[in-house]
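Visitor: Take 1 as the starting number for the sequence shown in my numbering and just add one per residue.
Worth flagging that the hints you see were computed from the coordinates, not collected in a lab.
Don't be surprised by glycine CBs; every beta carbon is placed ideally from N, CA and C.
Among the clues, some could well be false.
Label pairs and their in silico Cβ distance ranges [what the hints assert, rightly or not]:
no. : residue 1 : residue 2 : range
1   : Gly75     : Met29     : 30 to 40 Å
2   : Val128    : Leu94     : 10 to 20 Å
3   : Ser7      : Met29     : 27 to 37 Å
4   : Gly28     : Pro103    : 28 to 38 Å
5   : Trp125    : Glu13     : 15 to 25 Å
6   : Thr90     : Gly129    : 37 to 47 Å
7   : Asn62     : Lys14     : 10 to 20 Å
8   : Phe9      : Met29     : 12 to 22 Å
9   : Glu74     : Ser26     : 31 to 41 Å
10  : Val34     : Lys14     : 26 to 36 Å
11  : Gly75     : Asp110    : 34 to 44 Å
12  : Lys14     : Thr44     : 30 to 40 Å
13  : Ser7      : Ser61     : 24 to 34 Å
14  : Ile86     : Gly28     : 20 to 30 Å
Below 20 Å or equal to it, Euclidean Cα-Cα: the simulated EDC-like pairs (lysine to aspartate or glutamate) are [to be verified]:
no. : residue 1 : residue 2
15  : Lys102    : Glu71
16  : Lys102    : Asp31
17  : Lys85     : Asp27
18  : Lys14     : Glu74
19  : Lys102    : Asp27
20  : Lys14     : Asp42
21  : Lys101    : Asp27
22  : Lys85     : Asp31
23  : Lys101    : Asp42
24  : Lys60     : Asp31
25  : Lys101    : Asp10
26  : Lys85     : Asp42
27  : Lys102    : Glu89
28  : Lys85     : Glu52
29  : Lys101    : Glu89
30  : Lys101    : Asp31
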Amino acid sequence: MECTNMSLFDYFEKASGIGILATADSDGMVDLAVYARPEVIDETTIAFIMRERLSHQNLKSNPHAAYMFIEQGEGYTGKRLYLTKIREETNTSLIEEIVRKKPEICDPNDDSNKYLVIFQIENIWPLVGEKK
């Protein structure tokens, strides 16, 4: 499902696969974590719901991240999004609404702090190869 003319919203609504978020701390120590598909705000902005774990901690000292989405199926199809954190919200009603609609993101009964971390998309590249 290569999405050359498809909006990001449509792509992430229709594509099946697995996502991996890469972050690094201020010393460059890298972390990788499996993440659900992002919430697409518009064609240049996405968000993830995070808990207080290493990925979120890293973003406090280094706002840059990368998200790799590998589509289910044969071959190597998907997207790489290069991101910069622009802001976050903590325990808002928007987070509760997203978790209710998409319980796979995190357990709706989990009462730990949740953060809606909003990123500007700097670049989008295919999973394999250079940007066309």
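Visitor: Could you run down the list of hints and mark each one as holding or not?
Guide: Results of checking the hints against the structure:
| no. | hint | in the structure |
| --- | --- | --- |
| 1 | Gly75 / Met29: 30 to 40 Å | holds, 32 Å |
| 2 | Val128 / Leu94: 10 to 20 Å | violated, 34 Å |
| 3 | Ser7 / Met29: 27 to 37 Å | holds, 35 Å |
| 4 | Gly28 / Pro103: 28 to 38 Å | holds, 35 Å |
| 5 | Trp125 / Glu13: 15 to 25 Å | holds, 21 Å |
| 6 | Thr90 / Gly129: 37 to 47 Å | holds, 38 Å |
| 7 | Asn62 / Lys14: 10 to 20 Å | violated, 32 Å |
| 8 | Phe9 / Met29: 12 to 22 Å | violated, 33 Å |
| 9 | Glu74 / Ser26: 31 to 41 Å | holds, 40 Å |
| 10 | Val34 / Lys14: 26 to 36 Å | violated, 20 Å |
| 11 | Gly75 / Asp110: 34 to 44 Å | holds, 35 Å |
| 12 | Lys14 / Thr44: 30 to 40 Å | violated, 20 Å |
| 13 | Ser7 / Ser61: 24 to 34 Å | holds, 33 Å |
| 14 | Ile86 / Gly28: 20 to 30 Å | holds, 22 Å |
| 15 | Lys102 / Glu71 | holds, 19 Å |
| 16 | Lys102 / Asp31 | violated, 25 Å |
| 17 | Lys85 / Asp27 | holds, 17 Å |
| 18 | Lys14 / Glu74 | holds, 17 Å |
| 19 | Lys102 / Asp27 | violated, 34 Å |
| 20 | Lys14 / Asp42 | holds, 16 Å |
| 21 | Lys101 / Asp27 | violated, 37 Å |
| 22 | Lys85 / Asp31 | holds, 16 Å |
| 23 | Lys101 / Asp42 | holds, 19 Å |
| 24 | Lys60 / Asp31 | holds, 14 Å |
| 25 | Lys101 / Asp10 | holds, 17 Å |
| 26 | Lys85 / Asp42 | holds, 15 Å |
| 27 | Lys102 / Glu89 | holds, 18 Å |
| 28 | Lys85 / Glu52 | holds, 16 Å |
| 29 | Lys101 / Glu89 | holds, 18 Å |
| 30 | Lys101 / Asp31 | violated, 28 Å |
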